[in-house]
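Visitor: Residue-level listing of the chains:
2 protein chains.
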Amino acid sequence: MMSPAIAASSFSVLGQDYSLAGRSVHPSASPPRRFYKSHKISRGSRKFNVLNCVATPPAETKAYTTKVYRNANMEKLRAGYLFPEIARRRAAHITKYPDAQVISLGIGDTTEPIPEVITSSMAMKAHALSTVEGYSGYGAEQGDKQLRASIASTYYCDLGIKEDDIFVSDGAKCDISRLQLLFGANVKIAVQDPSYPAYVDSSVIMGQTGLFQKDFEKYGNIEYMRCTPENDFFPNLSTVSRPDIIFFCSPNNPTGSAASRDQLTKLVQFAREIGSIIIYDSAYAMYISDDSPRTIFEIPGAKEVALEISSFSKYAGFTGVRLGWTVVPKELLFSDGFPVAKDFNRIVSTSFNGASNVVQAGGLACLSPEGLRAMKDVVSFYQENTNILVDTFTSLGFNVYGGSNAPYVWVHFPGRSSWEVFAEILEKTHLVTTPGSGFGPGGEGFIRISAFSHRENVLEASRRLKHLFK
Amino acid sequence: MMSPAIAASSFSVLGQDYSLAGRSVHPSASPPRRFYKSHKISRGSRKFNVLNCVATPPAETKAYTTKVYRNANMEKLRAGYLFPEIARRRAAHITKYPDAQVISLGIGDTTEPIPEVITSSMAMKAHALSTVEGYSGYGAEQGDKQLRASIASTYYCDLGIKEDDIFVSDGAKCDISRLQLLFGANVKIAVQDPSYPAYVDSSVIMGQTGLFQKDFEKYGNIEYMRCTPENDFFPNLSTVSRPDIIFFCSPNNPTGSAASRDQLTKLVQFAREIGSIIIYDSAYAMYISDDSPRTIFEIPGAKEVALEISSFSKYAGFTGVRLGWTVVPKELLFSDGFPVAKDFNRIVSTSFNGASNVVQAGGLACLSPEGLRAMKDVVSFYQENTNILVDTFTSLGFNVYGGSNAPYVWVHFPGRSSWEVFAEILEKTHLVTTPGSGFGPGGEGFIRISAFSHRENVLEASRRLKHLFK
Numbered sequence: 001m002m003s004p005a006i007a008a009s010s011f012s013v014l015g016q017d018y019s020l021a022g023r024s025v026h027p028s029a030s031p032p033r034r035f036y037k038s039h040k041i042s043r044g045s046r047k048f049n050v051l052n053c054v055a056t057p058p059a060e061t062k063a064y065t066t067k068v069y070r071n072a073n074m075e076k077l078r079a080g081y082l083f084p085e086i087a088r089r090r091a092a093h094i095t096k097y098p099d100a101q102v103i104s105l106g107i108g109d110t111t112e113p114i115p116e117v118i119t120s121s122m123a124m125k126a127h128a129l130s131t132v133e134g135y136s137g138y139g140a141e142q143g144d145k146q147l148r149a150s151i152a153s154t155y156y157c158d159l160g161i162k163e164d165d166i167f168v169s170d171g172a173k174c175d176i177s178r179l180q181l182l183f184g185a186n187v188k189i190a191v192q193d194p195s196y197p198a199y200v201d202s203s204v205i206m207g208q209t210g211l212f213q214k215d216f217e218k219y220g221n222i223e224y225m226r227c228t229p230e231n232d233f234f235p236n237l238s239t240v241s242r243p244d245i246i247f248f249c250s251p252n253n254p255t256g257s258a259a260s261r262d263q264l265t266k267l268v269q270f271a272r273e274i275g276s277i278i279i280y281d282s283a284y285a286m287y288i289s290d291d292s293p294r295t296i297f298e299i300p301g302a303k304e305v306a307l308e309i310s311s312f313s314k315y316a317g318f319t320g321v322r323l324g325w326t327v328v329p330k331e332l333l334f335s336d337g338f339p340v341a342k343d344f345n346r347i348v349s350t351s352f353n354g355a356s357n358v359v360q361a362g363g364l365a366c367l368s369p370e371g372l373r374a375m376k377d378v379v380s381f382y383q384e385n386t387n388i389l390v391d392t393f394t395s396l397g398f399n400v401y402g403g404s405n406a407p408y409v410w411v412h413f414p415g416r417s418s419w420e421v422f423a424e425i426l427e428k429t430h431l432v433t434t435p436g437s438g439f440g441p442g443g444e445g446f447i448r449i450s451a452f453s454h455r456e457n458v459l460e461a462s463r464r465l466k467h468l469f470k
Numbered sequence: 001m002m003s004p005a006i007a008a009s010s011f012s013v014l015g016q017d018y019s020l021a022g023r024s025v026h027p028s029a030s031p032p033r034r035f036y037k038s039h040k041i042s043r044g045s046r047k048f049n050v051l052n053c054v055a056t057p058p059a060e061t062k063a064y065t066t067k068v069y070r071n072a073n074m075e076k077l078r079a080g081y082l083f084p085e086i087a088r089r090r091a092a093h094i095t096k097y098p099d100a101q102v103i104s105l106g107i108g109d110t111t112e113p114i115p116e117v118i119t120s121s122m123a124m125k126a127h128a129l130s131t132v133e134g135y136s137g138y139g140a141e142q143g144d145k146q147l148r149a150s151i152a153s154t155y156y157c158d159l160g161i162k163e164d165d166i167f168v169s170d171g172a173k174c175d176i177s178r179l180q181l182l183f184g185a186n187v188k189i190a191v192q193d194p195s196y197p198a199y200v201d202s203s204v205i206m207g208q209t210g211l212f213q214k215d216f217e218k219y220g221n222i223e224y225m226r227c228t229p230e231n232d233f234f235p236n237l238s239t240v241s242r243p244d245i246i247f248f249c250s251p252n253n254p255t256g257s258a259a260s261r262d263q264l265t266k267l268v269q270f271a272r273e274i275g276s277i278i279i280y281d282s283a284y285a286m287y288i289s290d291d292s293p294r295t296i297f298e299i300p301g302a303k304e305v306a307l308e309i310s311s312f313s314k315y316a317g318f319t320g321v322r323l324g325w326t327v328v329p330k331e332l333l334f335s336d337g338f339p340v341a342k343d344f345n346r347i348v349s350t351s352f353n354g355a356s357n358v359v360q361a362g363g364l365a366c367l368s369p370e371g372l373r374a375m376k377d378v379v380s381f382y383q384e385n386t387n388i389l390v391d392t393f394t395s396l397g398f399n400v401y402g403g404s405n406a407p408y409v410w411v412h413f414p415g416r417s418s419w420e421v422f423a424e425i426l427e428k429t430h431l432v433t434t435p436g437s438g439f440g441p442g443g444e445g446f447i448r449i450s451a452f453s454h455r456e457n458v459l460e461a462s463r464r465l466k467h468l469f470k
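Going down the list, the sequences are from chains A and B.
Counting with the numbering used here, you get residues 1 to 470 for the letters of the first sequence.
Counting with the numbering used here, you get residues 1 to 470 for the letters of the second sequence.
List time: in silico DSSO-like cross-link candidates among lysine-lysine, alpha-carbon distance up to 30 Å:
# : chain 1 : residue 1 : chain 2 : residue 2
1 : B       : Lys76     : A       : Lys188
2 : A       : Lys76     : A       : Lys218
3 : B       : Lys218    : A       : Lys67
4 : A       : Lys188    : B       : Lys188
5 : B       : Lys428    : B       : Lys466
6 : A       : Lys76     : B       : Lys76
7 : A       : Lys218    : B       : Lys67
Not everything, but these chain B residues come out facing chain A in the computed CB check (under 8 Å):
#  : residue
8  : Tyr64
9  : Tyr69
10 : Arg70
11 : Thr110
12 : Glu116
13 : Thr131
14 : Val132
15 : Asp170
16 : Cys174
17 : Gly275
18 : Asn357
Derived list of chain B stretches under chain A, where covered just means 3 residues or more per stretch with a C-beta under 8 Å from a C-beta of chain A:
#  : region
19 : 182-196
20 : 345-354
Quick caveat, the hints were computed from the structure, so don't treat them as lab data.
Here a beta-carbon is modelled for each residue, glycine too, at the ideal position from N, C-alpha and C.
Generate the whole structure from the sequences, applying the supplied hints.
Guide: Quick look at the structure:
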């Protein structure tokens, strides 16, 4: 997904500078550390070593290594996770141009303040926790009952999704890995290509995949379902060999395209025919401006083949506050008839302890009539940014996709490398974008532009882009 | 870990009443659901089925099941996770005795309000998020730089642990599963027996273990290191066959005993000799009243063989607020010399997105001089509860352990089943405790009493216990 140069540099994530020998750090290359001179002493019945710190070792001292093998799945992962890598390149650019007015249209981080009706609810909850009457400890791992009910009635009204089908999370990204734990290492996943990197990376970490195949820029044992302008960003399902799990994000990150009712009906029918489970990511549903479905559960028959992950991040500016949810219908059954929801409940109870009670109070406020209006205003603001960016690239003669149903604009640079375009735009305009190839080989030649920015920055970005590409 | 009766009843966790055939729900036993009559229609070039909801099916209709196999690791898990199971039994008791004054000394849930200095910082952060100047989106996955620095200087001063060795989490329980993801399926773990159930259950979920062996009440391929009064609750390491990962909790949940400096020196030396990695759980360190080490990193040589998980839950009443941290020293290396911290950083970046920024502001306040004083007061309050409970059981002639360095009292009922004692105490005194056998076979015959309760409840519990056991 990234060039070897980037892969190598990615090991500075922790702020260290290790030189690499193949996949692993050679001990003598790790930083100087204390070492321990041991001497036998007798304590109780048996002799053992006591270690005393004596000095910083000479450079040639071999560092102590445990006998625990590095997880082979972790070794398979290429380079850094995409967004930390972009953050690293942004930081390097700022070091190179300390006076540059860098504008980020990159990682999709929200910029607008959280509506006061929501933050005041969090503040009230925080204050209540310092009172005898208002204090509460552990909440239900599945989330606050009232919030679960409110999510069900707000987003799944009349679709047969009930309060106890909703699991409140600390964000969709976190639940993606919990879902991987749930399904285990012996499943094969399919992803849209391009797609949000966490689907593939979490699959690699779980051991579901083969090695990364450099020639194809793909991992073994993952179905990459190509989504391009040629197929209206909907995969040709007849060419997909049966996956157990189908990750499907709509409106899509990064392409910004939302699947139509007909397309989603085909997807659900495909899953029913081959017995796969769809993990539907609806984190951008509120950005849909046409009549595309807002949830997979609008499609008849979806409850038996799909679960859905979603998030408050891009609706209420909760990217740093951390709150989302996952819908696992009781009707979704494994091949032996065991309900998927029961195993997910066990995962949530064992590997998670519920979202913060302070944050859940904010989530409840999001779903109040006033909160919903406020979230719609936030979404509308970013939608206006999107229109400005679409007009900018269109006026420059580019083929521009996405935008109308999503906060992402997907711009085609035919015949060019995404990272090369990313680097050129950063170098010449101080704008941070996201290289399409970071989302999979199907993204090569594209750049994702995020509409999450202050208005003046979007307008300034538009000016700079028009100057660069005029 | 629980009786078959409990195992069977555990399937009502989601509030459903399935009858079970073996491990899986027989389709015809699952709840009535819509089914779909399909008819061929033509759309575009190919024919496919469209599904229309028609009716609730007759009882004999077989439910649709996917072809996805249930994760065999999930099938290995016995019964419900301990604490939800206790909550279920508590609820059943309240239904049976609606007027009973039930007092919980069970799941270790904090009861006292969070000091105002901490909640006001969370409220201020929440309010700031609704301002242009104060808003921030995604934070660093590893946590706020200032909070990481503050944790390092507060709890690891002069121990060589630096800010970038600290990873802020949404709780120790959550990081236990992220650490399991890090190490993968091919490691063997050792746990103290008895121990906090999340170590074993997360190991089962990751596929590190064999099946549950009913005769031994143990899972295959886990080293259960027996900790009893006979060995001063410190395992006989000479009988432990080499594990890759050693989970070690001190002060211990559930026994309440804190390992001495000599014992931890033996543990670190053992790990260095066999090349294992210690996952040290110090979530109760602030409850230590003698000179036992507060962190494993007080032991020379620990940085090369140990990482440490900890939490604000039991210090600041953050059980529902969710904040903890994990220390992964740069010096901790896999057998090939690759730093464990780099893989953990990748896990945190891929499967997590940082703790809530509102909550991290509270964590920073916890570590201010005023916050630290306030947390010490909270801890002292619970320590006084512990003393009352220890005196109560001691005066009744029981052998009582723990308490002095932990908020848990470990009471021996020789020759009796823990669940039987749990049930008797609940039935006759309306007190909820925790059966020792829920923490592993080594806990059989013991009951864990939690000191997390209001003072008047502890005093009332003492009266009831004296009446029952006088």
